[in-house]
Amino acid sequence: MKLAFRQLIFYALLLAVWIVVARLRIWPPYMVPSPQGVFESLRTGFVDHSFWIAIGVSLKRIAIGYSLSVAIGVALGLLLASSEFLEQTLGGLMVSLQSLPSICWLPMAVLWFGLSDKAILFVVVLGSVLSVTISMEAGRKQMPKIYALAGRNLGANGLKLFFYVLFPASLPYLVSGLKQGWAFAWRSLIAGEMIFVSLGLGQLLMMGRDLNDMSQVVAVMILIVAIGYIVDGLIFKTMERRLQDKWGLSPATQ
Amino acid sequence: MISSSKSLTANEGQSRGDRLKSNLALVRPEATAAEPKVWVRDVSLSYPSSNGDRLLALDGIELNVRAGEFLCIVGPSGCGKSTLLHIITGLHRPTSGSVRVDDKIVDGPSPSRILIFQELGLFPWLTVTENVEFGLKMASLSHKEREERAAHYLRMVHLLQFRDSYIHQLSGGMRQRVALARALAMEPDVLLMDEPFAALDAQTRDLLHDELERIWAETGRTVVFVTHNVREAARLGDRVIVMTFRPGRIKREFLVDLPRPRQIEDSSVAGMARDILEELRTEINKSLEQEYHPHS
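Chains as they are written, first to last, in this note's numbering: chain A, 394 to 647; chain B, 36 to 331.
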């Protein structure tokens, strides 16, 4: 309650300052838009469906790209954890590649795939797969060996052992990587969408720039933040809460 | 007290062949009459140590367990008794020798031999029932069958009302009983237990001894129970085997010919425990010496 109250005060103040600054007209509206202007942009965007379409297109892309990177990351992480050789060679490369901003993959993607959905997916996957891989590898290695032993003793083998024991047992370690991977995927997606007529949120942002429409730029930025926030709260917070309910307070220390 | 128990000795310092023969001579008449359930034959295990030598952990273990017998193995920590259980379970391969169960060579884990680990290895992402049903699910039993069997064994360990709890919500004794129910639900031929009650307080442990003895009598399972607690061994076992400290060998075996149900405070149990402890003490001293002067 106290938290909600504080946040309410904070955002009310922020809005008030914004209104005052916009009213003072120190800068023209194409530099600093008014809150009313941004609200109007949001409203028209949703009324003429252009925002809905962009959200739909972007969410579909992220769903495909992120699923791909989770699948690849989990498999790759398990592979790295299974061999000391791979861990020291490929594992080291992956850690160093993580310092590369995902947008750096874009020129390569465009040369390989042209200005297409595939190029965007490529950037999304490469932007997020490393986080998932590294946390899966760490999870597989930190996970107590007893789970695999008990699972095997109770008759779990091969894929069954993976799906019923190894994967759920490493989830508490994996969840932070999944979350970070999601954040990276979302950023990479928006960046990738900016480069061509991609119909996504990134392109709407660039369209605002092309039309000198700062209200639209801010409106789309608010949308991007809001969607990121909602997904985090809906999916990852729920996942963390459920893990906590099952495992107790600090799963990683059990 | 001492007269109520027979004890058999395998002398130390014999050559390996002699020891083997004398071990065979120790087999009790009733165990030879029927084929043994578990037959551990000349099992040795060595592994490379940090300085490059091979370290001998188990040396020529010869062991028979009758069907329905409750066998306890005691030894100082580091004698390889847990490793021996892992080998019988099939989770670990011996360097030489073999384990047979019902005359079939053990070459991997099987749901017919369930090990209850010292750390239990319950799955924290599953509820109590789901834990108990786990092995049944792996064996592709129908949902209804799984449910019935899980309920049966959870009732047996008095945990039915906690079926939907998660593991972290249970006390140590309750977790212990979940592990027991999970193992029993597989209806294994052989139940192997690795110091399962070591981390519990005395009252809970006494209670679980009673329950385990009752369940063992009810289900007629063959049990191999490893512990470092001689009172526990005398309280539960039909037979108690004492192992030596590093390398682990069988030093001596005790027949615990005491009426059941027993109590840990029974003077006969205490007397038996004293005999076992006497045999064990030199081994414990050796292990302590190693701990304090590891390089001597």
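Be careful, since some hints might not be right.
To be verified - When the alpha-carbon atoms are kept at most 30 angstroms apart in a straight line, the in silico DSS-like pairs for lysine-lysine are as follows: (1) A:453 <-> A:538; (2) B:139 <-> A:538; (3) A:453 <-> A:630; (4) A:639 <-> B:139; (5) B:179 <-> A:534; (6) B:139 <-> A:630; (7) A:534 <-> A:639; (8) A:538 <-> A:572; (9) A:630 <-> B:179; (10) B:172 <-> A:538; (11) A:534 <-> A:453; (12) B:321 <-> A:553; (13) A:534 <-> A:511; (14) A:395 <-> A:639; (15) A:395 <-> A:630; (16) B:172 <-> B:139; (17) A:511 <-> A:553; (18) A:395 <-> A:553; (19) A:534 <-> B:172.
As the list claims (entries may be wrong) - Footprint (simulated), chain A over chain B, 3 or more residues, beta carbon under 8 angstroms: (20) 165 to 179; (21) 279 to 289.
These are computed hints drawn from the structure, not numbers from a lab.
A virtual CB, placed ideally from N, CA and C, is assigned to each residue, including glycine.
Exercise. Hints broken by the structure, by number, lowest first?
Worked result: 1, 4, 5, 6, 9, 11, 12, 13, 17, 18, 21
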